[in-house]
Amino acid sequence: MDEYPAGSLDHSIPYLLTLGTRTGTPYDSGLSAALKEQAVLIRSELPPLESDQAQALLRYIQDRDASQIPCNGRDASERKYRFRIKSAERSLLLPPRRARLPEGIESPPPSAVLHSPYSPLSPISSLYPDGLIDTQWIRKHQDLVPAVLLCCYTLTSDPSLATLCDNQIKTDVNNIRALLSQSGYKTRLAVVLLSDHVSPSSSIDGVQDRLEIIRRGCGLDSKALFLVPSSNSQEELERVAENMLTTLYVVSVEYYRDLGRHSRKKRGRGIVPQPTIPPTSGTSQTLSLAGWNVRYDFKSAVFAEFRLEMDVALRSYEQAYENLLSSELMELIPSWNPRWNEARFLADVIAVRCLRCLLWNAQHSAAARRWLSHRERIADFVDRRGRGTNNYGWEAWEARWAIVMADLIDKIDIPELFPVTLKLYLPPEKSIMGERLQPWELLHHPGYWYRLAAKHLQARKAFAHSIPEDDRRSPSDSPASHVAKSAFTYDTYMCPDPYEEYPLGRQGVNHAKMITDCLMRARAEFLKRRQTRYAAEVSLECARELAMADDWQGVLELLRPMWKELSFRAEGWIAIAEEINWALRTAAAEVGDAESVLLADWELLSRDFAKRPNWHYDITRSLEDVTLTSKPNVSIRDGQLVSFMSASFLFQSEEGKAGQNVRGQLSIKSNAHLGSAPVVLSTVYLSFDGSLDGIILRHHDNGRTALQSQGKAALATVSLTRQADGDGSQPAAPAEISSGVTLVGSADLTLRPGQALVFNMQIPLREPGETRVDSLTVNVGSETFDLRQSLTFQERGNTNLWYISPSNTKYVAHPQPLVVRVLPRPPKMEVRCPAWKEQYYTDEPMDLEFEVENGEDIEALAKLDVVLFGEKPPLFTTSIPEHEDQTSSSIRSEETRISGAPMGTIGSLKSLTVRIRLPPIERSSRYDLTLKVTYFLPTNPGTPISQTAVFQLNVVNPFEANYDFLPRVHPDPWPSLFDPDNIALPITSDSDDVTPQPPSGISQAWSLVTRYASFASEPLRVTDVDIVIQPSATSRCATTTKYTNIPTSGAGRLVNPKTIEEATFDLSAQKLTVDDRSHAPLDISLIIKWTRADTPTNPAALTTTTPNTTSLPIPRFTLFGTEPRVLASVTHRRRRGGGSGSPPTSATTTTTPSAPAIPLITLTITIENASNHFLTFGLAMEPSEAFAFSGPKLTTASLLPVSRRAVEYRLLPFDLAAAAAAGGDGRVDGWWIRPGLVVRDKYFQKVLRVIAAGEGVRGGKEGFEVWVPRF
Amino acid sequence: MATAIPSIACLGVIGRNNNPLHTSIFPSYDASNNSFHPVRTPLQFSLILSSTLDVFELRSRQNTAAGVGLTGDFGLLHAVDDRLAAYGFETNTGTRFVVIVDMRGRRIDGALAAGLDGRDKRLAGAAAGLREGEMRPVFKAMQLAYVKLLQNPFFDPDEHSPPAGQGGAKITNKKFAADMRRIGEAWTPGITNL
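Chains as they are written, first to last, in the UniProt record's numbering: chain L, 1 to 1271; chain Z, 1 to 194.
It should be emphasised that the hints constitute simulated quantities derived from the structure, not laboratory data.
Treat the hints with caution; some may be incorrect.
What the hints assert, rightly or not - Capping the alpha-carbon separation at 25 Å, the derived lysine-lysine pairs in DSS-like fashion look like this:
hint, chain 1, residue 1, chain 2, residue 2
1, L, Lys1242, L, Lys1261
2, Z, Lys170, L, Lys611
3, L, Lys863, L, Lys810
4, L, Lys828, L, Lys657
5, L, Lys669, Z, Lys148
6, L, Lys657, L, Lys932
Computed from a predicted structure; not experimentally measured.
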C-alpha cells in the first residue's frame, strides 16, 4: 500500500483544523511551491493561546485523531465522530480556488474562466488537458481544506477587559470569516471560548450574555460556538470537548454532503467543461464526457466516504470503475501514453476503495472476489492493450496487489480473523453462501496474502534476471536507437525501468529484501495462528532466498531452530528434512558454524535421505571447508535427528545371579549410504539403569583378526576388565555417568555402511534387583572435532535376534530383552549331612553329623541356627568343635531351637563338622530339622549371607507284633480246698503281711505266642526278644520256657523288613491263695533288643554298642476265674516203638519214611472246677468213622470245689485211605480228626466248650479237633 | 474462449502419527505452453501436505470445542494461494486424506463446450468455483480404497502408524496407488460418484 502515493488509498475522514492555540510545531500547509504563492492565507490576529487549559483541550482533540484507527463500522454507536485533526497556531494556507494562468501564455481570451488548480481544465495542473483525476485532489480534501475550522479564544473574566476582548474576538472571527468566504471554500467556522474564570463568582447570565453578544457579533450558528468553563477537572474538559466534537461532526458531514451534492449536480449537467485555454500540445485532446463522469463519480464516492456512507460510496466507486474500464475510456488510451498508467493507477485506487467499502460492510468474500476480479480485468486489459503479463512489471503489480489486500485486512481489523481465534479464513457471508466459490474467495488471513505477494515477487525477480544485458545498460550508455526500442517493451507501471530494475554492474532493486520481507511478515502471521509447519515452509523459502543473496547468517538463524525443533523428521517427512539439512549445511559451512555442519553431515549419512551424487559422505572430511576457531564438540540426543546408527541389546537370559556373569550382545547397525566412508567410533559407552556398571568399548585397530567381519555383521567377543574410577586415562564417557566403576573392553569399532557391529560380552552382575540397559553413547573423534551420539534401545519383542555368527541369527524368546533380573548372591556355604538316613527309629538315640563347607573365596565368620519343628520335638544338643555344646530350648510346643550358635571363622574351602544329638524318641513322628548358617564375608561385613538346609527327620517304629495267648494244662496238682495247709490264717495275714508267703493257690499254665515283624526300611539285627510281666497283687506269673529263633551267641539275628518272626513263651501262673478264685489280669510287654544292621557283627563289638530296646505293650490278658473249664490235650505215641507224640511241627523228626504208621493218640480231657460248688458233668463220646477209641463212651464226672479231674481216651485213627481222602493227596503230614465229645454240666444242663490246651489240639466251630500225625 | 476448471493436483494420505503414507501428484494444464505438468515439485507438495497438518490440528481442536465435525469431513482446510486449495478428511482412526485442488487445472475449450452436451456445459459454468461438499465423493472413494487396503491380510496398519511412537512406513501397495491415480484423474467438479 505504501507504494501508492500518500493519501491515495487512505480512508477519507472529515478534516478539522484548530486555530489559535500554541502547538509548538509550525503548521505545514502541504502545498506545493507553485501553489503556495497563490494560496489563500487565513490569519488570526490574536495571539495563540498558551494556557494549560487550552493546551489540555488541544491535546485532547488531537488525541481523538481518527486517521490511524481501524477502518470499520463496528463500534459506530460508540464512536460518535471521526475527525482527522490538524492544528495551526495563527495562520493557515488554503490552496487557491482559481489557478492562475501560467506565465507563458500571453493573451488569454477574455472569456477564459479560471479553474481549480487540481482540475484538468487548468493548464498548470498535471492533468491538463485530458487527465482524469489524481491524488492531489484527494489530498486537497484530506489534508488541505478543512471541513471545520475551530478557532480558540479566551473568554476573559476580568470585567475591565471583557468588552475589549470580546470585541477583539468578534473582529478576529469576522476577519477570518471574510477571508474564508473570499477563498471560495465552504469550510465551516466554529469558535471555542475558553473561560479563564478562576471561580464561577460572576453570574452565569453575564457570561451567557457575553456569549450571545459574541455569537451575534460573529454571525455564528448556535451550534458553532462553544464555551469551555474554567474548571480544573479533566473530566469536565473532556465532556465539553466530546460534546463539541460530536456537534462539529454533524456540521462536517453536512459540509461534505454539500460538496457531494455539488459534484452530482455537475455530473447531472452532462456537459464537458471547456479548459481555460485550449490545449496546444500533444494530441490536443481534452477530457471526454465519460472521463468527466468518472471524475464526478469518483468525487461523490469520496465525499460519501467522508460521510461514512459506505454503500453510497461503493455504488459511486463501482460506477466510476466501470466507466473507467469501459471501451470509451481506458480502451482508447494508448499504452505508450502516460495517461495509460494514470488510468491504471486510478483503477487501482478505485478498486482498493471498493474493497475497503466491502470490508467495512463485512462482505469479506465479496471483497476477495472483487480483488480477484480486478486482477483478472487488469490482466486481461494489460494482455490486450498493454505489454502483457509476462514481464517483471506485471509481477510487481501482482505482488503489490496482494500486499494491498494484506494491508487492508490489517487496517480493517476483522475480529473474526484475529490470531486468537485461530481461524485461517472467514466463512462466506450469507448472501453468497450457496454459490460456487473459489477457495480463495473465502477471505484468508494476511499471512496468505503476503505469501502470495512473495511468490509474485519471486516471479518478478526471475523476469528481471532474464532481461537481456542491452536493456540493463543505463540509457546514457546505450545507443539511442536501442533506447527507443526498449522504451515500450517493458511495463513500468509503478516500477523502475529495466536498467534500474536489474542494472548491469550495480545493485538495482533489492528483490531478495522485498521477498524476504514479505515472507517474514507471512511467517509471523502463520506463527501467530500456530501454523508452525506452514511457517516452516515459508522459512525454508525465505532461507533459499537469503542463500541466493548470500546472507548465510540469516539462513542459519532461520533454519537452526527449525532444524532442531521441527517435527518433519520425526513424522517421516524425509524430503523436507533433507531439504532443510542441505540448506543448513551449506549455510553453516559458509558461516563457519562447524557444529551445524557436523550435525547435518551426520544426519545426511542416513540412507533414509536421497543420496546426492558427488558428495563425499565422509564425516571426517565434513569440516574440510570450514574455518575453525576451536575444536567443535557436538552431542546429539537420541531422536534429535535421523541417525544412521541404531543400537540394540539383548541379554541372553532373563535372570542372573549377583556375583555371576551374564551374557549380553550389543549390536550397532549402520544405515549409512552405501559407498560412504566407514565411521570409526572412538569409544562406545553402554550405561545401565540398575546396579550394573557402565561399559566402555574402545577402538582398537588391531582387533581385526578377532573380528569375524563378513557379510552384514561383524561379530566380536569382547573381554571386559574392571577399571575403577579415577584412573581413566581417557575420560571418554560423559562426565555425568563416569562415576563408579566401569568395565573396559577394546574392539574394532569401524562401522561400515550397511553393516552391523556385534559384540558379545560377559557382564558381571553385582547387586540384586532389576537392571535395564539404559542408553548407548557413541563417540566419534578426530583431530578436528568430537561428536557424541546417544542412542536409546528399542524394546520390541519380535526383534530379539542373537547373532550366532555374522550371517546367522537366532530368535531368543525374551519378553524384555533389555532387562536382566539379578537375583541375590547365592550363598556358597554348603550344609551337608553325608550320613543322612531315610528313616530313623524310635527308641534309638540319634547322632547326626553335618558338614558345613565354606565355598566362598575368602574366610567367613559363621553362626548356626538349628530348628527342630514337629509335634513335641525333643530337646537336642549341638556340638561344634572348639565351642561349647548347646542344648536347644523349646519356644513353642512344636518347635525347639538353638539360635546363633557361634561357629567361628571357617576358612575358604574348609569345612566344619557339627553334630546334633537327639535322645531316643518313643513314638514314631516326623520332624523338620532346619540348619541355617548365617555368615559374613570380611569384604562385605554389612551384608549377612545365609544358607539354609532343611532335613526331614522321619522317626518310625521299627517293629510291630501280634500275640496269641493259649491255655495249657498245668502239670502241677491243684491244692486241695480241704487241706488245712492251704488255708490262709486270718491272724497271720494281719501281722505278717510283709513276709512273702509262697503261693498256694490254683495254678494255670499258658502259652504266649508273639509274632513280630520289622517295619524298618532296612534289615535290623535283633539281639534278644523277651517279655516283661507286670507283677500282680493276687497272683504270680513267670516265664517257664522261651522259644525264639535268635542264636544264643549274642550276635543276634538279622531281621529283614516285612518278615514275620515268632517267639513263644510258656507261662505259669498261680494264685497266692486258694480262697482267691477271682479273675486276675495279666499285663505283659514284649521287649525287643536290636541294633542297626550296619553295626559290626562280631560279638565283642556288639557288647560295646548298647542295643536299642523297643518295648511293645501286649494287650491285657485275663487269667483264672470261677467258671469250670474243659481242657483237651493229647499225647501221641507210635503204635510200635512208643514214645510220646510231638507237636505237628516237630513230628517229622522221628518219621520213618519207609513205614508210615498210624499213631496211638491219648486224649486227655481235664475238667477244672474252680468254683465253690460241687459240680457234676456228663461226658459222652460219640463213635466216629475216622477213628476208634477206648474210654468211657458215656460217663459222669463229679468234681469237688477247687478240684480237677482228667478223663482219658485213647484214639486210634483209621487207615490212611481215609486220611488221604481227607487230605487230598498222599503226601500229607497228618490230618485232623474231630472227636464228638460232649461235656455237659448236669446241674445247669449246659454244654461246656472243650478248650484246646496243648499241642495237637485245636478249637473249631463244631468242636475241637485232634491232630493225627503220620509217622 | 477457453475456460479453466478445477482438477485434482495431488492426493495425500497422512497417518495417525502425522506421517506421510501416500502421495499422488497429478499434472495440471499449463496455459503458457499448452501442456500438462504438475504445478509444484514433489517437495513442494510434501510441504503443502505437511502444512495441512497444522490446519487439521487447529480444526480438530475447534471441532472438539464446538462438538461438530463428527463426519470427519473437514472441508476446505485452506487455500494455499489463489490457485491451489487443500481439502481434508479424517477417518475415525486418525488417518487423514488430503486433496489438493488446482482451481485452474483443466481447460474446457469454449468453442467445444458450446457444442457439447449438458454435463460439460454445466462444467463450464461450474468453473467459477466449488461448492461446499464437492470433495465428498473424492473422500468417499479414498476411504473405500483405504478400507480395501486394510482388508488386505498382508497389510499391517501398525507398521504404518505404530500405536505408540512416531513415523511409520509408507504404503507401497500398488493397487492402492492405482486407486488413488484413478480417483485423481477421474474427478471433475460436480461429479457425484467415483
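How the hints compare with the structure:
no.: 1; hint: L:Lys1242 x L:Lys1261; in the structure: 23 Å, holds
no.: 2; hint: Z:Lys170 x L:Lys611; in the structure: 19 Å, holds
no.: 3; hint: L:Lys863 x L:Lys810; in the structure: 48 Å, violated
no.: 4; hint: L:Lys828 x L:Lys657; in the structure: 12 Å, holds
no.: 5; hint: L:Lys669 x Z:Lys148; in the structure: 36 Å, violated
no.: 6; hint: L:Lys657 x L:Lys932; in the structure: 21 Å, holds
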